[in-house]
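Engineer: Sequence:
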Amino acid sequence: MLIIGELINTSRKAIREAVLKKDGQYIQQIAKAQEEAGATYIDVNCGTFMETEVETMEWLVENVLQATSLPLCIDSPNPLALEAGLKKAINGKSMINSITDETPRWNAVLPLVKEYNTKIVALCIDDGGMPKTNEDRIRIADSIITKLTAEGVNLDDIYIDPLIKPISAGEKNGIEVLQAIQHIMESHPGVHTTCGLSNISYALPARKVLNRLFMVQTMARGMDSYIMDPTNKEMRAALLASQTLLGQDRFSRKFIKGFREGLYE
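Counting in our numbering, the final residue of the sequence shown is number 265, and the numbers go up one at a time with none missing.
Derived DEER-like restraints, expressed as beta-carbon distance ranges:
(1) Ala150 / Pro104: 15 to 23 Å
(2) Glu51 / Arg250: 44 to 52 Å
(3) Arg207 / Asp142: 30 to 38 Å
(4) Gly262 / Thr146: 44 to 52 Å
(5) Ala203 / Ile90: 40 to 48 Å
(6) Gln179 / Gln29: 36 to 44 Å
(7) Leu20 / Lys233: 24 to 32 Å
(8) Glu261 / Asp156: 28 to 36 Å
(9) Arg207 / Gln182: 18 to 26 Å
(10) Ala150 / Gln29: 38 to 46 Å
(11) Arg250 / Gly152: 31 to 39 Å
(12) Asn232 / Glu115: 29 to 37 Å
(13) Gln248 / Thr52: 40 to 48 Å
(14) Glu234 / Met50: 31 to 39 Å
Once the Cα atoms are required to be at most 30 Å apart in a straight line, the calculated BS3-like pairs of lysine-lysine come out as:
(15) Lys13 / Lys88
(16) Lys88 / Lys114
(17) Lys165 / Lys147
(18) Lys132 / Lys165
(19) Lys114 / Lys147
(20) Lys147 / Lys132
(21) Lys93 / Lys254
(22) Lys21 / Lys32
The hints are simulated quantities; they were obtained by calculation from the structure and are not laboratory data. Bear in mind the structure is a predicted one, so any value in this text is a computation, not a measurement. Think of the CB as a built atom: it goes at the ideal place given N, C-alpha and C, for glycine as much as any other residue.
Whenever a hint applies, use it, and build me the whole structure from the sequences.
Structural biologist: The structure is reproduced here in structure tokens:
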């Protein structure tokens, strides 16, 4: 299970203020907390600083690397910021978030994937926009995987994001994503799927409950990576329990360790 810690993102007020104040100690504290909570990658996103994103990305990466030995997921819509982060991200195999099947984005990001030999998050979007049906979602995923592997990208380095739509906007949005995950994982053995979970609960009450339960449901369909807050006790507890029940936790060691750490009451 690959967990991408999502907390170093300037859309979060505390991170934005830390960047404005050049408070590197706070950035390092957040990076370290995510590592200690079980993250395997640290996401770095400063897309809200559009005019200074390249310089801000360099500063953030430098500070994160002072606090953790984890590899980084460089996250930006700006290819220049992606490359700036990749140049400084020296902890193992980096990840890029993200590529799509849209021609301009594909042409801008693919060379970076190949030059820096990264893992890649691939969103199910093409030149026609976001998928309107589940058939569109599956078609785009199949296309992206076929094209990336043709370019020499290993299946093990590809993380397909099926794009979660709010269940409040359509009662089938959840089950369609589950069906897409199962198709992708069964049709392309060795590939991975990932997502951010919070979209599923948008505009509904008790969002944290829905997010946790949807995570468990996606794991049962084969999803093996999440972009999430690993320091969230309830999410981590649900993740470990689900891994145990799905036979992904040898001798239930992770679950027992979580129990001893106080994750379960």
